[in-house]
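Could you put together the complete structure from these sequences and hints?
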Amino acid sequence: MVLGKVIGTVWSTRKDEKLIGSKFLIVKQLDLQNKLKENFVVAVDSVGAGVGEVVLYATGSSARQTNVTKDKPVDAVIMAIVDKLDISVKE
Amino acid sequence: MVLGKVIGTVWSTRKDEKLIGSKFLIVKQLDLQNKLKENFVVAVDSVGAGVGEVVLYATGSSARQTNVTKDKPVDAVIMAIVDKLDISVKE
Amino acid sequence: MVLGKVIGTVWSTRKDEKLIGSKFLIVKQLDLQNKLKENFVVAVDSVGAGVGEVVLYATGSSARQTNVTKDKPVDAVIMAIVDKLDISVKE
Amino acid sequence: MVLGKVIGTVWSTRKDEKLIGSKFLIVKQLDLQNKLKENFVVAVDSVGAGVGEVVLYATGSSARQTNVTKDKPVDAVIMAIVDKLDISVKE
Amino acid sequence: MVLGKVIGTVWSTRKDEKLIGSKFLIVKQLDLQNKLKENFVVAVDSVGAGVGEVVLYATGSSARQTNVTKDKPVDAVIMAIVDKLDISVKE
Chain A
35 MVLGKVIGTV WSTRKDEKLI GSKFLIVKQL DLQNKLKENF VVAVDSVGAG VGEVVLYATG
95 SSARQTNVTK DKPVDAVIMA IVDKLDISVK E
Chain B
35 MVLGKVIGTV WSTRKDEKLI GSKFLIVKQL DLQNKLKENF VVAVDSVGAG VGEVVLYATG
95 SSARQTNVTK DKPVDAVIMA IVDKLDISVK E
Chain C
35 MVLGKVIGTV WSTRKDEKLI GSKFLIVKQL DLQNKLKENF VVAVDSVGAG VGEVVLYATG
95 SSARQTNVTK DKPVDAVIMA IVDKLDISVK E
Chain D
35 MVLGKVIGTV WSTRKDEKLI GSKFLIVKQL DLQNKLKENF VVAVDSVGAG VGEVVLYATG
95 SSARQTNVTK DKPVDAVIMA IVDKLDISVK E
Chain E
35 MVLGKVIGTV WSTRKDEKLI GSKFLIVKQL DLQNKLKENF VVAVDSVGAG VGEVVLYATG
95 SSARQTNVTK DKPVDAVIMA IVDKLDISVK E
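Residue numbers (this note's numbering), protein chains in the order written: chain A, 35 to 125; chain B, 35 to 125; chain C, 35 to 125; chain D, 35 to 125; chain E, 35 to 125.
Don't take each hint at face value.
Because identical chains cannot be distinguished in the list, a pair is counted as satisfied if it fits within a single copy or across any two copies.
[Said to hold, decoys possible] Within a straight-line C-alpha distance of at most 25 Å, the following computed BS3-like cross-link-like pairs (lysine-lysine) qualify: (1) K118 / K62; (2) K52 / K118; (3) K52 / K104; (4) K57 / K104; (5) K57 / K124; (6) K118 / K71; (7) K104 / K62; (8) K124 / K69; (9) K71 / K124.
These are calculated hints, taken from the structure and not from any lab test.
Here it is as structure tokens:
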């Protein structure tokens, strides 16, 4: 899974019919120093994540293993909201 | 999903028989400042997207979860046309 | 899908038994100015593509959705030969 | 599979219900000189790996082929703890 | 598929039970001039490949389509040993 922060929303009315009701969030990748990277994905939310929250998202076919994404054309899903990171090994 | 803009079409007559009737669009990735990146994919359209439109596309096995791509050798599908982006968190 | 040009062939006699008879082509990625990139893959051909031809290839599980690649350990398949590109949106 | 070292843990209480009880570990990629790279993933542990250990992780749908990750929205799993590397071919 | 050379072995005793008996090989990517790249993967061998041999490996779910990797948490498999490359198109 990838660590990211929700920074916004994508609005779409014309979309695949299976996606009606799905919420598309813009998620920027975070590094381990809590800094935003340039890379971002648009992910469907399955856990009630809001803008500004630090999350994990899963990609590929694994993104279809939640109740809200099953059998849908979705390749990224937010499946956890992060409370904190514990980093024990320094480089 | 990935944010992109449709910039053209790929024409092909000799192709896998399951792909007869599929429309191949050239989609360049967009950044969050609405600037085109160098990266592009060729995606099948499932939502009536036209050249110049901003879209989302899904990749991998998720690209086969629409009615027009089911069981076909397609690894990228346009599954939404974007109305607008709301970006709330600044870097 | 990815745009590429077939530049050669890989010969292999010792291979997974499901791959007997499969033709392995070396495909270099093409950019939209018809210039070869450094990146290449080895793809199975499903459409009679020859060396020098411009093609599309699909990757991942989608590469197993043709008659010649079904259930085989193949992660890239040529599924279309390109006639031409129409690019309408300039950068 | 990818070679990495477990460097920490991600704590999450709000997550997909299938993930209750799953342990999320932060794994940095290792090069062949045993040096940490910048890239990292968050992986579910299936083999009792601890912080500081060198591991292999599998990604994509293959990450769901262990007993602890089956049918879950998980795209990276630690499936082996590394005893040692034997490198015989020099560059 | 990706062109590579087997350069070593990963030894692991604590691993997912489905992987008992699987041989993990370190495979560095090769370019078309037969030079090793920095990138490497750890792949399961399905064709009796040995250290020093030039091989093709398949990734993702396609890596589980051999008899030795079926249903296992394996995302890279060596599925062919390369006899030679024929490159006909120059850059």
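* Asked: Against the structure shown, which of the earlier numbered hints fail to hold, in ascending order?
  -> none
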